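Trainee: Listed below, chain by chain, are the residues.
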Amino acid sequence: MNRTLRAATALTSLLVLAGASSVTAQELPSPQQIIERYVEASGGEKAIRGTQSMYATGRMEMPAMGMTAQVQVSTSAPDRLLMVMDLPNVGALRSGFDGTVGWMENPMTGPMLLEGDQLGDLMRQADFYADLRYAELYPTMETVAKSEFAGQPAYKVRLVDSDGKETIEYFSVDSGLKLGFEGEQTSEMGTVYVTTELSDYKEVEGRTVPMTQTSKMMGMEMKMVLETVVFDQVDSSVYALPETIKTLVAGAKSGASGS
Amino acid sequence: MCSRRPWVALLALAASLASASDDAPSAERARLNLETFDTAWRLVDERFWDPEFGGVDWDAVREELRPEAERSSSDRELREVIGRMVARLGQSHFGVIAGSPDDGNDSGSVDAGDGQPTCADGLPEHLLAALETSTPTGASAGPGLDVAWAEGTTLVARLDPEGPAMRAGIGLGWELLRVDGQPLADVARCLGAGLGPRTLASLQHALVAAMLGGLPGTALELELRDARGEPRSIRLEREDPSDSQIAHFGNLPPLRVRFSQRNLVVQGPPADGLRIGVLRFDVWMIPIANLFEDAMVELQDAGGIVLDLRGNPGGIAGLAPGIAGFFMDEKLSLGTLRYRNDELRLNANPRRVTRTGQRLTPYEGPLAILVDQFTASTSEIFAAAMQDHGRARVFGEPTAAAALPAVIERLPNGDLLMHALADFERPGGGRVEGAGVTPDQLVPVTRDGLLRGVDEPLQAAVDWVILESVRKDAEAAAVEEAAAAPGGEIR
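As you go down the protein sequences, you meet chains A and B in turn.
Under my numbering, think of the first position of the first sequence as 1424, with each following residue one higher.
Under my numbering, think of the first position of the second sequence as 3, with each following residue one higher.
The shape of chain A in the complex, shown without the other chains (with noise of 0.2 Å):
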């Protein structure tokens, strides 16, 4: 769930970093056992295991810009990816990965693949099951420090994946749900550090959700509140590629560049 949530905010491009200092160094539980908590804390393998897919609508709030934006995300089992962010006088951005291709439609700059870290990101952020594999999908995990973030007691844990990219999450002390994570995030534009909090956990259908995520990227907010969350009921063929990247993905394979 956190990682759609994500996903959603790297279809605008923006961050900052609001930093939680340590403030002890004592004794911490490890990595492993925060994270079991965290899991138990949303619902419990088996509910999370029990769901092949999640459709959420809500909207984004970007202040900076006078804008909210309509959003719509949905997700499958294993790592089925569609975003869809419909912005007043804009038009809708789109981004997914349907398994294989990672791609982008923004009214603005038109529609293109996504390739090297970029696609990393998606790939990341579609993984449905990414809860329950903390330790493969981070050979590095540690426990830095019982600190304090958005205001809370929260147990800092660095992860480090395969490709050596680092991200720090915070795990609430006294509920162990996740209240943020901080570290960088690519777009076509590069890449920005983005901190990021979740709160507004509600339960929907066995599984305890964050219904309100706020981000602080270069000085600017945004801020993506869930109004419904669905849970199963995604057709597969949302996933289908629009005909603009076919048509990309044809001329790739053909040999022209590819994007």
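Check each hint, because a few of them may be wrong.
Claimed, not checked - Straight-line Cα separation of at most 25 Å, PhoX-like style, residue types lysine-lysine; simulated pairs:
id, chain 1, residue 1, chain 2, residue 2
1, A, K1669, B, K333
2, A, K1569, A, K1588
3, B, K333, A, K1676
No lab work stands behind these hints: they were computed from the structure.
Nothing here was measured: the structure is a model prediction, and the numbers come from that model.
Given chain A, put chain B in place with the hints provided.
Mentor: Using the frame of chain A, we list chain B on its own:
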């Protein structure tokens, strides 16, 4: 991210010409003044890309101006104080835009006694109001003419076909003297003190645009000097241009967007029948994306393209990578945005497909770009990038030198603060802000040329496109000849 025409940043300078009121504000007014002032200060404090503020003691600026802000008796006065605050940074793309047409506490225009407004004691209030409340390209109707500054005069440089001005018999090269009784020479004189030539030109341009714009059907009195030097007084009604539409984007006020495409066909040697597309748009707003794509599909086999960015103040910088991609076969950088802690690149997105899925090839033919002193912001970023990559040849006059990525945010009193978030470095190195884009071929507008009906910068660009086309044809022929020759080898 968006950017906007440089006149917004000049409002502080213009506003400083207005006189302040001595009336003490109410307690509620004073509280709102401080909240608004502090918010504006904080936004810049947190987000200005240079943590050293270019050597300006930003805390001291706050301490100095905060009491003045508190004493302001109107939003207009408060805008003036905040405008002076952000002007200390010495950058474009900082300014305060009125959130509403008038807050009711401002004095009227100064009358010189002969019934004509003057700016002897400061810029007339009605012009300040026009500047603050009208939109850059005027989400409003107009007389169907554009002006240029040449040889110290304001000249009619473009006429809309069948527009009000053309129907009234106004010709290219005529000198515009007064608009609704306001002498343009007075405007220039009053603004002139302490302003550099580029700043003055930008503000003049904004003022004249504001004076010419208005609601459809409203009357406009123009006094001009015609081709023979005779004074002419012409009354006409403003109309919405037929090629325009109103665009909305976030906090920006509604903007009138105009896009036009002309196809020129060369008659006679050395390039008889060569088709040259001339594309012009007046602001970088969302509708341009599809209009430009449609034009590029139609121009795939054109012998050359001229992109006219004269008078284009910029707009949404995020459109530049998409437009550049119609002319670039690689994801080349259009420049780097340097924020306080981050760095982003604008990269061209090579356009290999239309929005409907039709296959497309980035255009490889000659591209000329026209610029002038009112070409600013995203237009400058685009022109600089295409110039640095050798993808276009730039014609015209040096640009406005005002190119910073900025946002517009609402302040507690309803006004809007425009503030730049990042510095911009062109792909070949160096800033556009403060330096502008120097054309590869300097071609100023002249009155003589306009009176002859010749758009000299456009003519120069077309001449170059023809030569480039001929040169490329010759090169292609030589390659074919070498390949066809016995034992020929292509290197």
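Trainee: Hint by hint, say whether it matches the structure.
Mentor: A quick look at each hint next to the structure:
{"no.": "1", "hint": "K1669/A to K333/B", "in the structure": "holds, 20 Å"}
{"no.": "2", "hint": "K1569/A to K1588/A", "in the structure": "holds, 22 Å"}
{"no.": "3", "hint": "K333/B to K1676/A", "in the structure": "holds, 18 Å"}
No hint from the list above goes unmet by this structure.
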